[in-house]
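*Asks:* Between the sequences and the hints, there should be enough to build the whole structure, so can you do that?
The chain contents come next:
2 protein chains.
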Amino acid sequence: MQTSRSKPCSCPSFKLREVASMYFTMIAVFLVILVVALQGSVPRGSDFPYKVPLDPQGLLELSWNVSYPEQAVHFQLLVRDLQFGLLFGMSDRGEFENADLAVLWSDGRNSYFGDAWSDAKGQLHMDSQQDYQLLGARRAPEGLYLLFRRAFSTCDPKDYLIEDGTVHLIYGILEKPVHSLQAINISAIHRGLQRVQLLKPNITVPELPSDIKTMEITAPDVVIPSQETTYWCYMAELAEGFPKHHIIMYEPVITAGNEALVHHMEVFQCAAKFDSFPHYNGPCDSKMKPDRLNYCRHVLAAWAMGAQAFYYPEEAGLAFGGPGSSRYLRLEIHYHNPLVFKGRRDSSGIRLYYTATLRRYDAGIMELGLVYTPVMAIPPGEDAFLLTGYCTDKCTQLALPAAGIRIFASQLHTHLAGRKVVTVLSRDGRERQVVNADGHYSPHFQEIRMLKEVVAVFPGDELITTCTYNTEDRSRATVGGFGILEEMCVNYVHYYPQTQLELCKSAVDPGYLHRYFNLVNRFNDEEVCTCPQVSVPQQFFSVPWNTFNRDVLKSLYGFAPISMHCNKSSAVRFPGDWEKQPLPTITERLREPVPRCPPTPGPRPAAPVPLNLGELRRD
Amino acid sequence: MQTSRSKPCSCPSFKLREVASMYFTMIAVFLVILVVALQGSVPRGSDFPYKVPLDPQGLLELSWNVSYPEQAVHFQLLVRDLQFGLLFGMSDRGEFENADLAVLWSDGRNSYFGDAWSDAKGQLHMDSQQDYQLLGARRAPEGLYLLFRRAFSTCDPKDYLIEDGTVHLIYGILEKPVHSLQAINISAIHRGLQRVQLLKPNITVPELPSDIKTMEITAPDVVIPSQETTYWCYMAELAEGFPKHHIIMYEPVITAGNEALVHHMEVFQCAAKFDSFPHYNGPCDSKMKPDRLNYCRHVLAAWAMGAQAFYYPEEAGLAFGGPGSSRYLRLEIHYHNPLVFKGRRDSSGIRLYYTATLRRYDAGIMELGLVYTPVMAIPPGEDAFLLTGYCTDKCTQLALPAAGIRIFASQLHTHLAGRKVVTVLSRDGRERQVVNADGHYSPHFQEIRMLKEVVAVFPGDELITTCTYNTEDRSRATVGGFGILEEMCVNYVHYYPQTQLELCKSAVDPGYLHRYFNLVNRFNDEEVCTCPQVSVPQQFFSVPWNTFNRDVLKSLYGFAPISMHCNKSSAVRFPGDWEKQPLPTITERLREPVPRCPPTPGPRPAAPVPLNLGELRRD
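For the protein sequence lines, the chains are A and R, in the order given.
Position 297 of the first sequence, counted from 1, bears residue number 297 in full-length UniProt numbering, the numbering being contiguous throughout.
Position 556 of the second sequence, counted from 1, bears residue number 556 in full-length UniProt numbering, the numbering being contiguous throughout.
Derived by calculation from the structure, the hints in this document are not laboratory data.
It cannot be assumed that every hint is accurate.
Since copy identity is lost for identical chains, a pair holds within one copy or between any two.
[Stated by the list, open to error] Below, in silico cross-link-like pairs of lysine to any residue (SDA-like), each with a Cα-Cα straight-line distance of 20 Å or less:
#1 Lys-580 <-> Asn-549
#2 Lys-452 <-> Ala-271
#3 Lys-580 <-> Pro-510
#4 Lys-580 <-> Thr-547
Remember, predicted model here, so these are calculated numbers, not experimental data.
*Replies:* In structure tokens, the structure reads:
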């Protein structure tokens, strides 16, 4: 279980205070010799609401809290089997080069803690400005607890800037005595990465009604396959005649011991147009899986590692049950088992909290971004190619109520080449607000995220979603589509009150793309087959990707009119003329936020801090 | 006369020390109440070698020196007819909005000096960081002297960054009592701008030989026309049989009192192919001017306001006289007479210092940049459009001696839309050195500038010249060419030893440009005449300038092969294949220099400094 909030669940929680009181008699080894800068910066109440295992064995367990007034994160790292130290840090995408690291190292007699960084070759260096502030260290039977603090922004160019969205945490375990930081060969150590949303939004949890009921959609004692990646599918169903309810909260149910294996889970509702769905319990990619399960795609709940319980806003709930909705649910669990453990049994899943006392509004989900079509493509060998999908003023004017809608959560989605995603709200040609942004987006970490503040969208507003792709490892163009090697650019926004608008997405006008292929054909000396009788992907695959053809494709996407999908469901458009629509014009862009460098409370050490952890030996 | 160096000319110089000793008995009004931060930062020797009038009446006269060790400029501003203060400062292109200003103001009783800035509307604000440091103020019979200091870079975002190249100085005269800085209405005051090269290179002046001779090419008592702008042409000639000499230095000769009117002067040698040239003395744009004067274009000497004497390096001199060179010289003087003075007589010109003892090397001039051809064009309405001309490795390989050449001076040239010019030396695909750069280039201020350091160019090197243009005020495309509303992108580099290579320039391949017009024709819905039977300028004028056509033109210039002009003279190419040459590839760019913010010597005042100048009254 992930959450440590006491209400409404009462799962075993893991608070520093309790641990401290349990073991406070075992003083000898608990010595904290140096506690630096305690004035007000050790979290009061010592509450670390967020927790994630860093490694698949669960040797390192990170808990943290976020102080927005202080613009800082407090970390508590539990090291279960301390040998000669560890590395913990952050980097752009989880690489060990150009990383920002806190390092605890020991030569067997003396231990040190310091802020370090790795260069482009992975060589470690002590940081001239020490920004990981050690707040305490203490031994307990289960391991060593390290407490430290880090400001979101330090303005030290060697430090990682902690932003909203995904943060790639990295760790390394030092299994031999280390005589200096420089002596650590970062490529030879036991190491790994874990993705989390470090800056969780600071949201007040709404009170739950007294008639709340729970329902667990969990795997029926599955034996986790002994392979790195498994998507497990399990079909559940609601009771016959189950009336309309509102889901107002859900949380993960994780089988104890499997915290590091259960990567993410989703509960989908099946399509109402089919009366029944086959029962199935097995891998999602099995040949035995009935095809009809592909019609179970309406998300009811989604959880990913590091996430807590998901609460709907007080005024809204997600409708399920009742006429016009399917009784059938599909649970999908992504097991991540890189150490290929065998025979692990699992009954994890999601616990839905729902009520028959319907809230004022039904919540809805709307798809923003790009239509799944090959006309939107990325040339090969690009390090950061942008594609943009539009939800135009014309569509919101037609489809949204005068009082607008409120977006409260968002789930970003691309396939494997996606590196960043951002949706911006624009009104009267001026960018007003970021709806959701992830500058370190990973397709392997697609959470539903509560927004820091609810975004109001009114008729006439524009929602512009831009995805950044990296295709440096590809030799041919990546086209839009459903395939894992094709791409998507989507933001599923969760909002209320529900409207008929399910999909507000765009793609370049195919006629203009046709002109592009003609142009490529005529401009380049090579004879290339970009003739119209060939499919769009085939035409893209035959483009010779020189700088001109790349530049002109970018120019085309920034200029050509769009085909708008302003749809009630994925196939039914709102009435109107949606072809060859002009691109929204932006006259005023949002400014990039300038990182603030808050003064750190108390003096910062200029050098690594010695720690008395006793003599460390190899076990 | 501009120069204050005592050797070899002995013109009246204007040193602070002498002025001080002349008037040191007139103590009463000379009181300097507050001299701030005198420790070591007042220039020793009090020498201000550079001098320029700021306004056309000569009411404000600026002298300065440059300390490269301190990374600072010391200014001495003479205010001849002080009323209630003045503004002096710098801005990107001489505008009074977003300017960095030192202000001296008086309410009639009390006077203040402070560092201020103007916002985008021209409203003045006191700067929170005071970076114009007042070093002294003193009254003399000729006016008030203000001494102050400014670091090149202050890292205050409200301050101007003093860089190499042109600096637009601005001034304003306060003719009424001013009760606060905020009360100054900057648009209502007497104001203007002056362009100078503030950061003069720190070059050791070579010794001149004993057999040095001088020759003055000066206007014969011309009556300066009572109009704002006049280009005056005067033909001079060398004695029959004048043998080959080396010009090793030249300096301006300015008629006393006309310092603010003589804007720039050049001496050209005529083409040797004509035996004689008509005598002429009159405006260059007169219908009476003989056409043959257009064949007098080989620059022998050039001076512009604020420039000092020009010295050739010790090993080189500019050949003139002797067989194969014309005896005829053309002097061109640009008179800038915005106040339309009438009847001013002028005998200004240039004094050449030459020797019959030829130096080791003849100096030469080479043209880098773009060929004068309409195929290189700038769309209308661009705020910063870049065009690049190449001198390729293939050409330097063929034309330069194995020991290379040394570039010691450079004159940048564009027509009216030019805003920046830079030439970079690249070797093996890696940018190595900036040859000359002007980020605040003005077509109205085209000096020959000595380089801070001599640049060695070897066979196989590439010289890449990029010009930035602004066409926001134009409604149709600006094409390359000789006309004043057409454009050029040229760097005339002065170097030794002279080679046969006179011109190393490029332009886009015309066949690729033709494909561009075809593409525009086919891509855009409008029927535009970009048919080949029409001239290239006509084709450019008919392009509908949407973002796509602009972007694609940029992409074309960055991609298409070039036609190289690797010429012995403007019409004779070196042998070889110069058409459809590949663009040089650059694998490593020079880094933008990061401005250093040197600690200022002594404390800086946080607020404006009060000055006792006595009561100021309107005259």
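*Asks:* Sort out which numbered hints this structure fails and list those numbers smallest first.
*Replies:* Checked against the structure, the only hint that fails is number 2, while the rest are satisfied.
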